[in-house]
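Residue-level listing of the chains:
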Amino acid sequence: MTYTLPTGYIPLTDAAPLIIARSLGFDEEEGLHLELHRAPSWATLRDYLAMGRVEAAHLLAPLPIAAALGLGGAAQPLEVLSVLSLNGTVIGVSPGLAHLMRGNGYRFDFADARAAGEALFALDQPLRVGVPFPFSMHAELLFYWLDALGLPADRRPTIHTVPPPLMAEAMAKGEIDAFCVGEPWGTISVENGVGELLLPGQAIWQSAPEKVLATRHGWADRHPDLAGRLIRCLWRAGRWLGDAQNMTTCAEILSRPEHLGVSPDLIDRALSGRLVVSPRGEIRQADRFVAFFDGAATFPWQSQAAWIGVQLARRHGRDPVKSAQAAQAVFRADLHRHHLSQVTRSLPGASAKVEGALSHASALGSENGRLILPPDSFFDGRIFDPERVT
Amino acid sequence: MPKNLTIIIVEKDRDRALQIVDGLNASGDHAITVLSEESGLARRIAALDPDVVLIDMASPSRDALEELALASGPMDRPVAMFVDHSDGALTKAAIEAGVSAYVVNGLQQERLTPILDAAITRFHMVSRMRSELAATRRALEERKTIDRAKGILMKARGVSEDEAYALLRKAAMDQGRKLAEVAEALVSTAGLLS
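So the sequences go chain by chain: A and B. The numbering of the first sequence is UniProt numbering, which starts it at 1 and goes up by one. The numbering of the second sequence is UniProt numbering, which starts it at 1 and goes up by one.
By construction, these hints were calculated from the structure, which means they are not laboratory data. Keep in mind it's a predicted model, so treat the numbers as computed, not measured. Don't be surprised by glycine CBs; every beta carbon is placed ideally from N, CA and C. One or more of the hints may lead you astray.
Going by beta-carbon spacing under 7 Å, a handful of chain B positions derived as facing chain A [as the list claims (entries may be wrong)]:
1) D29
2) T33
3) S36
4) E38
5) A46
6) D49
7) R62
8) A64
9) E67
10) G98
11) A156
12) V159
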């Protein structure tokens with residue numbers, strides 16, 4: 001018996017696990033039919049999920065946490081069953097700013113977040129930065145970057161919400177000077193000659209949970225069988241995506257008009273980490289630009305939820321300790337581990353870790369000891385211990 | 001007599017916007033502004049200081065409005081998404097119709113209901129008209145393609161119009177495809193032969 005599960009997504013490169021699970025039949029392997037609904041905006045997708053029009057959704061990692069903290073327009077509590085992708089965002093600046101930065105000798109290495117920040121803010125211009133949604137890893141990474149650079153309040157850029165399909169237009173019209181956005185939209189800005197890529201998101205945090213699979217609070221506990229099938233089919237899709245040989249096929253499938261409707265070579269740049277950073281065609285390689293599988297990428301670390309919760313709490317005047325607790329409860333590491341126990345033993349035994357402590361890939365104790373965690377440093381070397389939030 | 005409400009409709013399509021304005025005017029004497037530009041939306045809405053903002057759920061610009069829902073946003077008044085309200089049936093109807101409403105400053109439910117009712121009716125009507133228009137356009141396009149395919153066959157095989165049509169019809173049946181698809185395939189490849 002196959003169950004049909006209405007599932008929503010936003011047409012982005014990192015919706016790949018859902019699109020691949022459906023296109024290649026990883027869902028059917030689990031007796032599931034993912035009925036994919038492409039949504040026009042994050043707010044609408046969240047409302048579809050809250051109202052039961054879809055049962056599961058591809059969401060920005062901070063969005064369900066914001067809902068748990070009562071921030072924004074969502075009343076319905078949500079839960080995260082899996083992480084769909086790590087990293088995969090880009091920060092870009094207008095060609096005018098890029099020209100000035102180059103004039104000062106900056107080389108656009110697409111790697112060093114401190115050097116990039118210093119080069120940008122040395123221009124001492126008022127900046128407006130576009131992000132896709134107020135509760136997004138894009139916004140969190142930007143705020144973290146600005147904090148760590150120690151910019152005084154009066155020199156800080158203002159952050160504006162600009163829907164990704166309108167980001168290139170907003171750059172062209174001069175309504176924003178810079179952006180932090182998910183692929184393929186950064187690449188499209190470069191193609192349209194309105195933006196140059198400054199940094200990948202991972203230059204700020206090497207292992208940032210970007211998109212998650214969310215369901216309504218309590219759904220996975222009420223439907224353990226369905227939740228298990230869903231988590232497993234996305235894990236299988238993630239494993240397929242983790243194989244570099246499959247990238248070209250993936251780009252072709254995502255490029256179809258019913259999904260992203262963008263030329264496959266533009267999608268391929270993010271998948272391969274070989275990004276064209278300027279309209280003059282300069283290429284930069286970023287390893288693990290977007291990660292779907294390796295190093296337990298699908299695992300919803302409660303410590304990452306806590307990090308997001310504390311960031312949101314500090315910015316919106318909430319209690320950080322309580323917010324960290326509420327945020328951790330949203331990431332169901334327990335269910336993820338439980339439902340994958342039949343298919344893999346390479347999952348962390350713990351549900352939380354100290355974030356930012358790994359500067360190199362490191363072996364971690366799992367059930368069979370073979371799990372290698374990728375580096376997870378913050379660019380300023382700080383660490384975040386979920387047990388020591390004050 | 002309660003004061004009239006200030007309503008903003010975010011809609012790019014002028015005809016559609018006018019339809020919705022008409023519907024709302026029938027429900028009371030409101031000050032209605034239509035914003036068609038997608039850029040700088042949050043700032044422009046904040047400047048107009050409305051009671052209600054109506055926007056198509058299919059518009060990507062909804063995410064820009066989400067910024068307004070933050071207390072620390074540019075408009076220092078609480079903005080709630082209508083789905084936060086308790087009336088489940090009305091919320092469901094609004095989502096079905098594809099309209100989302102943002103309510104500013106805790107506008108009372110009884111004042112909001114007639115506005116949403118009117119908006120829901122209009123959104124339904126406009127989307128019906130849209131799908132009818134799209135269907136008509138498609139039918140016209142298909143007829144044009146079939147005519148061109150007939151012309152190609154008549155010329156290439158020296159047959160009459162009726163015979164050309166019969167050939168297309170038979171090919172469609174044999175291949176289990178729509179007549180318009182077969183015609184499209186013929187038209188799009190015929191150019192290669194000449």
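Are A64 of chain B and chain A close enough, Cβ to Cβ, to be under 7 Å, as the hint says?
5 Å, holds
Interface hint for A46 of chain B, Cβ within 7 Å of any Cβ on chain A:
12 Å, violated
Agreement of hint A156 of chain B with chain A interface, Cβ distance less than 7 Å
Violated. Min distance 32 Å.
Restraint outcome when E67 of chain B is required to lie within 7 Å of chain A by C-beta distance
The hint holds - E67 of chain B has a Cβ within 7 Å of chain A, the shortest such distance being about 4 Å.
Given hint D29 of chain B near chain A, where the shortest CB pair must fall under 7 Å:
D29 of chain B check fails; min Cβ-Cβ to chain A is 29 Å, beyond 7 Å.
Can you verify the interface hint for S36 of chain B: is its Cβ closer than 7 Å to any Cβ in chain A?
Since the shortest Cβ distance to chain A is 14 Å, the answer is violated.
Is the hint on G98 of chain B kept, meaning its closest Cβ partner in chain A is under 7 Å away?
9 Å, violated
Go through the hint on D49 of chain B and say holds or violated, using the shortest Cβ distance to chain A against 7 Å.
Violated - the Cβ of D49 of chain B stays beyond 7 Å from chain A, reaching only about 19 Å at its closest.
Restraint outcome when T33 of chain B is required to lie within 7 Å of chain A by C-beta distance:
This interface hint is violated because 20 Å lies over the 7 Å limit.
Does the interface hint hold: is R62 of chain B within less than 7 Å of chain A, judged Cβ to Cβ?
Holds: closest Cβ of chain A sits about 4 Å from R62 of chain B, inside 7 Å.
Is the shortest C-beta separation between E38 of chain B and chain A less than 7 Å?
Nearest chain A Cβ about 6 Å off; hint holds.
Hint status (Cβ of V159 of chain B to nearest Cβ of chain A, threshold 7 Å):
36 Å, violated
Hint check: violations occur at hints 1, 2, 3, 5, 6, 10, 11, 12; the rest are consistent with the structure.
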